Each structure stands twice: as C-alpha cells, then as structure tokens.
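Enquirer: Sequence:
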Amino acid sequence: NFVDNYITIVNDRPENSYGTEQDNQPSLYAIADARHQFQPDFFISCVPCFFHENGELNHRVGFTQAPQHYPEYQDKFDYLDNNNAQFFRLNAMIRNCCGGVSSCGTNGMWQLHPRDDTTIWQRRLKRVRDRDSRLRTEQIEREQFHTSCKIEDTASSLDRVLVGEYSHFVNRKLSYGMSKSPEGFLGAQQRWVEGAITLCLQWVTQNADAHGQAKRNGPLLWCVILGFTFYLIALLRLVTVQYTSSILVMLGFLSEEKFDEFIRLPLRPLIHGVYTWLMTVRGGHSPNSYSYKVYEDMTLQFMIWLGTCMVCFTALWVFTTMCKCCRRWLTFPNEMKWWGRLLISFDNLTYWIWFWTSFFWIGFNMYLAIWPATFHFNNVAMMSFMLAATFLNYALIISNSMRFSVMESMDANEIAFLSMDNIW
9 NFVDNYITIV NDRPENSYGT EQDNQPSLYA IADARHQFQP DFFISCVPCF
59 FHENGELNHR VGFTQAPQHY PEYQDKFDYL DNNNAQFFRL NAMIRNCCGG
109 VSSCGTNGMW QLHPRDDTTI WQRRLKRVRD RDSRLRTEQI EREQFHTSCK
159 IEDTASSLDR VLVGEYSHFV NRKLSYGMSK SPEGFLGAQQ RWVEGAITLC
209 LQWVTQNADA HGQAKRNGPL LWCVILGFTF YLIALLRLVT VQYTSSILVM
259 LGFLSEEKFD EFIRLPLRPL IHGVYTWLMT VRGGHSPNSY SYKVYEDMTL
309 QFMIWLGTCM VCFTALWVFT TMCKCCRRWL TFPNEMKWWG RLLISFDNLT
359 YWIWFWTSFF WIGFNMYLAI WPATFHFNNV AMMSFMLAAT FLNYALIISN
409 SMRFSVMESM DANEIAFLSM DNIW
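Numbering-wise, the sequence shown is residues 9 to 432 according to our numbering.
Please keep in mind that the hints were generated in silico from the structure rather than gathered at the bench. Nothing here was measured: the structure is a model prediction, and the numbers come from that model. A couple of the hints might just be wrong.
Computed cross-link-like contacts, DSS-like style, restricted to lysine-lysine with a CA-CA straight-line distance of at most 27 Å [unchecked claim]: (1) Lys158 / Lys223; (2) Lys181 / Lys84; (3) Lys158 / Lys188; (4) Lys332 / Lys345; (5) Lys223 / Lys134.
Given the sequences, and given the hints that come with them, work out the whole structure.
Expert: This is the structure in structure tokens:
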C-alpha cells in the first residue's frame with residue numbers, strides 16, 4: 009500500500025503526465041516478494057491478459073497470477089509441496105475456467121482503477137476500542153490491499169470477485185524464488201489457515217475490511233452460504249427420509265396431481281423394467297438380497313431429488329441471464345461464471361471447517377476394527393463408482409490442460425503426471 013501511494017504521488021507530478029486520456033487510465037501493479045525474481049518474459053506473458061482480442065483494455069480483469077517456482081526443488085521430490093504443484097496449480101487450472109483463481113500475493117499483477125488522488129489519506133473505524141470502550145475513527149494511508157488479516161492476497165481477491173471482476177492464471181514458470189526452510193514453510197501453512205479463519209469470521213460478523221462496492225456486495229456471499237446450506241439439508245433429507253415427492257410440491261410450486269401425471273407415474277414403470285431385467289440377469293433373488301422394490305423406491309427418490317436440483321439450477325440460470333439487462337443499474341451476478349467465482353471464494357473462506365474428515369475416517373476404521381459391523385452394498389457397483397469418479401477426475405485435469413497454449417500445457421501435463429504418480 010505504501011508503494012502504491014508513493015507511485016501515485018510521483019505519477020501525478022506535472023513532469024510525469026502525458027497530457028492525454030492516458031493519465032486517467034488504470035495502471036498495472038506487479039508484486040514480487042523479496043525471495044522471488046521475475047523472468048524476462050513475465051510482463052510479455054501477463055500484460056496481454058488484460059486486453060480483449062481487438063486490443064481494447066478489459067476492465068473486468070482484476071489480476072493475473074503466475075505460479076511459484078523454486079528451482080532447487082524438483083516436483084517429484086517436493087514432499088512439502090513448496091511449489092504448490094499438487095494443490096494450488098491443479099486447482100488453479102480448473103478454477104481458471106471461470107476466472108476464479110485466487111491471488112498468492114507474489115507473482116501477481118493487478119489492474120488498479122483510477123481513484124481520487126487529491127489525497128492519500130482516509131479515515132477508518134478503529135479495530136480496537138479505546139479505554140472508554142468507544143470505537144473511534146483514525147486517519148490512515150489509503151489502502152488498496154487488505155491489512156486486517158494474515159492472508160491479504162485472498163482478501164483482496166475476494167473484493168474483486170464481489171464486484172464482478174475475474175482473474176487469469178498464467179501457468180508458466182515466470183518467476184523463480186528461493187524456498188523457505190521446512191520449518192518456515194510449515195509455519196507459512198499455519199499462517200494461511202489462521203488467516204482463512206480470521207477472514208471468514210470478519211465476513212460473518214460484518215467486520216471485513218472491504219472497500220467500496222465490494223463491501224456493499226457482501227450479501228452475495230450470504231446467498232452462496234444459504235444455497236450451500238439448502239443443498240446440505242437436501243442431501244440429509246435424501247438419505248434420512250423416505251419420500252417420493254419433491255420439495256417443490258411441498259412448497260406449493262407444483263401440484264401433487266401434476267407431479268404424479270408428468271413425473272412419478274412415467275418413472276415407475278421405467279425403473280421397474282430396469283430392475284426386472286437386472287433380476288433376470290442375476291437369476292432371481294440371492295439368499296442375502298433385499299426386495300428389489302426397496303431399490304426401486306430408492307432410485308425413484310434419487311431421480312426426483314436430482315430433477316429438483318436441476319430445476320433449481322435452471323431457475324438460477326434464467327434469473328442470472330435476466331440480470332444482464334439491468335447490469336448498468338444493479339451489481340448482481342449476470343453470468344453463471346460469477347456464481348462459480350463466489351463458490352470458489354466461499355471455499356477459500358471455509359475449507360478449514362472440514363479438517364475433521366481425516367480424523368473421522370481414522371476413527372471410523374479403528375471403531376470397525378474393534379467392533380465389527382455389517383454393511384449391505386454391492387462391491388462391484390461400489391468399485392465401478394470409484395473407477396468412474398477417478399476417470400472423471402483425471403479427465404477434468406487433462407481437458408483443462410488442453411485449454412492452455414503449447415508451452416503452458418507442457419507444465420500442465422507434468423503436473424497431471426505428478427499427481428497421478430503421487431496418488432498411486
């Protein structure tokens with residue numbers, strides 16, 4: 009922030025002005041930590057991302073991000089993942105499809121829009137109460153990047169997402185760095201998690217240090233939280249309640265008669281025919297199998313749940329598309345990619361909540377080892393599901409690798425190969 013304000017003052021001097029409209033255009037601001045050094049092609053690779061194909065400036069590109077690279081660590085020997093090859097770069101390749109890559113601080117280039125440069129000072133509410141328990145304002149230097157949490161890069165990225173801007177991931181080794189010691193890197197990971205918790209609590213308690221339109225668009229995050237909560241409730245209802253009706257019928261959006269006529273009655277004969285064919289293939293019921301009527305009801309319930317989710321998604325798509333007509337007066341998501349970026353930001357704020365999953369599976373296996381239990385499922389179907397999920401996972405990685413240029417895809421293919429090797 010200090011360098012940004014200093015450069016602004018220097019640029020506003022008469023001898024540094026062009027005297028044209030260029031003086032009022034946005035500026036590009038690249039960041040390199042003290043341990044990193046840009047390569048000669050850094051700007052050549054990143055600057056074009058801020059322009060349309062016709063050469064006009066794209067004001068909706070908030071920043072670009074290049075991966076970190078430490079030459080002394082080869083990817084296959086990088087057990088602590090200093091190069092972020094296993095998680096950040098793989099996720100960034102996928103998230104780049106909707107422009108949802110988060111900044112890492114270093115190796116990022118930001119587009120800073122014109123501001124009121126008559127002064128670099130501003131007043132802000134203090135973060136700590138005075139001795140008389142009152143909150144007062146204080147005068148500080150103007151802030152372009154967040155200073156209220158340990159992960160200012162993620163916080164600043166969230167601001168850009170809330171105002172509808174997106175990012176570009178330039179998957180090339182454009183900056184070389186000196187890696188931290190193992191102790192220092194583990195400490196940095198601890199800092200990242202602590203910063204995510206702090207930033208999440210700031211937004212939940214409405215105390216986030218957001219700026220301008222980003223602060224006014226804070227309720228968009230609550231829309232994502234509510235949507236995710238409803239999705240979890242729908243999942244719990246699917247596995248705990250036996251039903252053959254849709255939540256849309258319960259809420260009155262669809263009558264029971266219409267639901268029976270167009271959905272339930274046509275599906276039942278189809279599902280029954282499939283399970284009758286399966287029973288014929290198996291040669292009838294086995295001694296330990298349940299009645300196929302149970303599976304028919306479960307399949308019908310799942311298809312109704314899936315259809316309800318698709319209807320809700322379609323309704324969201326229609327509403328979002330209609331918002332394009334009034335985007336000049338309303339700052340609201342007008343494309344599905346914007347919702348995707350909000351979901352990614354929601355994940356960045358709440359990923360630490362799922363820390364218990366690893367402990368759950370360890371405890372669950374220990375419990376089963378001490379107190380054996382009986383489970384009823386088809387091992388062939390379960391194995392087929394796992395293979396299909398693995399195939400789709402790698403297909404997603406490979407298909408995203410093909411989206412990059414030849415030079416970028418070389419790095420991407422190396423990452424994909426490394427991930428397969430580690431999982432194996």
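Enquirer: Next, verify each hint and record whether it holds.
Expert: Going through the hints against the structure:
As the CA atoms of Lys158 and Lys223 are separated by approximately 19 Å, the hinted pair is consistent with the 27 Å bound. Under the criterion of a C-alpha separation no larger than 27 Å, the hint pairing Lys181 with Lys84 is consistent with the structure, at around 16 Å. Annotation: proposed proximity of Lys158 to Lys188 holds, straight-line Cα distance about 18 Å (limit 27 Å). The hinted pair formed by Lys332 and Lys345 meets the criterion: a straight-line CA distance of about 13 Å does not exceed 27 Å.
Our distance criterion of 27 Å between C-alpha atoms is met by Lys223 and Lys134, whose separation comes to about 17 Å.
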